[in-house]
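Peer 1: If you want the building blocks of each chain, they are given just below.
There are 2 protein chains.
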Amino acid sequence: MSGRRLLLLAEQSFGPMSSKTANAAIRYIPEQVVAVVDSALAGQTAQQVLGFGGDIPVVGTLEEGLQRNPTVAVVGVAPSGGRLPQEWRALIGGSIAAGLDIFSGLHIFIGDDPEFSKLAREKNVQILDVRRPPPDLPVSTGLVRNLDATIFLAVGTDCNVGKMTAQLQIRDVMRKQGHRVGFAPTGQTGILVEGTGIAVDAVVADFIGGAAERVTIEAARDADMVLVEGQGSMVHPGYSGVTLGLTHGSMPHAFLLCGQPSRSTVKHNDWLPTPSLTDLIKLYEATMALIRPAPVIAVALNTFDLSDAAAREAIAAAEKETGLPATDPVRYDPAPLVDALVEFHNKRTAG
Amino acid sequence: MSGRRLLLLAEQSFGPMSSKTANAAIRYIPEQVVAVVDSALAGQTAQQVLGFGGDIPVVGTLEEGLQRNPTVAVVGVAPSGGRLPQEWRALIGGSIAAGLDIFSGLHIFIGDDPEFSKLAREKNVQILDVRRPPPDLPVSTGLVRNLDATIFLAVGTDCNVGKMTAQLQIRDVMRKQGHRVGFAPTGQTGILVEGTGIAVDAVVADFIGGAAERVTIEAARDADMVLVEGQGSMVHPGYSGVTLGLTHGSMPHAFLLCGQPSRSTVKHNDWLPTPSLTDLIKLYEATMALIRPAPVIAVALNTFDLSDAAAREAIAAAEKETGLPATDPVRYDPAPLVDALVEFHNKRTAG
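Chains as they are written, first to last, in my numbering: chain Y, 1 to 351; chain X, 1 to 351.
For reference, chain Y alone in the conformation it holds in the complex:
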């Protein structure tokens, strides 16, 4: 993976809340990113647009991006609508023509497009449609329970609250401390960062658990602790099935609950108030109670849209409400969360 040089295609969509996959690449593997393509923001840096990312440049055209010798073009944002707009076709086609591999998280498979696949063969270029599930997934049957590793699953008060980011922050600190920790990617962004994994929301419904089981077992190789990338939320009417399937496939020993204090309703569901942390802790614990009881042991808050004072207040309130350690592991030191997980692991394995 280390030889990759990534060109992030984010035309008309680069921004703190819009280009999730590009942003995660910039946060976690900045050394691999050569440029971002977005004609609307050309001339700025990632730092200026996102508040992190240093001097990674935003360029206005594919040609400018190609001058920086990328090896992979990353299509990390989904254009609205079911089809590829013409300008995106030009970006992808131009990238393949220039000999770049393609990494795509789109619902539409780039590799199934006759024009792109023909061009890719001619240029000997690989197209990785990361949402295309493996063909041989099983129905899960709790195999994960035989692993020695301690499994932690991030769950959310909602979707898109920063579950993956929280876990990667925790992972980085754990690695620095010398722990053997694996990350199990279950979505396109985690897969881009880690170079492996399965997008569990893209598999046929019967195999959600089987996909989760497989990535968890894979991540547990050479690891004492596994952080499973969370998806959706148990109260999101559109994604809860993925969340529960992921839970029962990965069978966590404990949960990390992630939330965003500024959200008052569930995403895409204005009619549905975001439940309290306390109610969500009860619900998540109930989903495992009859199978292999697992507690929520820490709370990660995403406070990017709050002032420092409001963020610290939200964290204190979460700690008071839940009796659990809480922090924003991006904005502040992730130590309280890391300590909670390591302590849980030590207690579990001491017995």
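Careful: at least some of the hints might be erroneous.
Each pair may be met inside one copy or between any two copies, as identical chains are not told apart.
Unchecked claim - DSBU-like cross-link-like pairs, simulated, lysine-lysine; straight-line CA separation at most 30 Å:
| hint | residue 1 | residue 2 |
| --- | --- | --- |
| 1 | Lys320 | Lys267 |
| 2 | Lys320 | Lys282 |
| 3 | Lys267 | Lys123 |
| 4 | Lys267 | Lys282 |
| 5 | Lys347 | Lys320 |
Just so you know, the hints here were simulated from the structure itself, not pulled from any lab data.
Bear in mind that the values here come from a model prediction, so they are computed numbers and not experimental data.
Take the given structure of chain Y and dock chain X to it, following the hints.
Peer 2: Okay, now just chain X, sitting in the frame of chain Y:
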């Protein structure tokens, strides 16, 4: 639908616990069934093999079946392994060659087989691969909450405990009583019986809720009560994601809990004891509590493998444990369950 004449292909698999789709057709639409093909049981009747189905004959060859002038061949049982065995290819190919439409619930799509699809075009025959999802499913967002109808979802202590059968028994009694009741099929068997629906376990995971939403809205047309076909179980590690997605997509006002008293462990998961009815009621109610609270209001038991005395004892025990009306709606009068649902509907709409 009424003009259909069904030939049920159940080669080497016809039996009380093995040919679920064929059995449901025989129970609910026997007037449409002309014969069952299973060379191992040729010469017997459905009644002799299943204990119901009267004199529907089991024949040993496709040719014998064709003499009864079927219009549709139903492939209702999944041959083990990922590929179609040769004898099944011959049955399906022979059916198409004879001009029969094909109804298939296989994971492999018959219509994608070059030989079968070519033959089907030549014979002007329709192939319905019932597990092929509609191409335009949405992510669900709770639209169902705007329906006037009272929505009941069957849920289970496990998969394959008789959820669909219980609901169809209830539906039949309700219709006889003059109620306007809709059935929302979510699996291949329900789809065969009803002639419409979506197999929710066959859609891409992100769209489980969207599929459930669509079939529920469809079934609510011209109905005051909707019975949504249940799938899986909230404690089945392989299928729980489908169950929760179906729950949040259909947003039931109340649940019917279905169980099979003779099961002591979860299907395919010998390591996992079947939880008590009480624990499952708490879990199912918890999954809706933060969204739109819905109680479990009745218990349907599948006692086919118990003596009459043991069945009556199990029903009495379930009533005592849960404080809810319970019965086996196939073996005994479904009235206690019907009454509970109708009473709930009347109370809800009286307000």
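Peer 1: Hint by hint, say whether it matches the structure.
Peer 2: These are the hints, each one checked on the structure:
| no. | hint | in the structure |
| --- | --- | --- |
| 1 | Lys320 <-> Lys267 | within (25 Å within a copy, 42 Å between copies) |
| 2 | Lys320 <-> Lys282 | both (16 Å within a copy, 27 Å between copies) |
| 3 | Lys267 <-> Lys123 | neither (41 Å within a copy, 49 Å between copies) |
| 4 | Lys267 <-> Lys282 | both (21 Å within a copy, 26 Å between copies) |
| 5 | Lys347 <-> Lys320 | within (24 Å within a copy, 41 Å between copies) |
Of the numbered hints listed earlier, the single one contradicted by the structure is hint 3.
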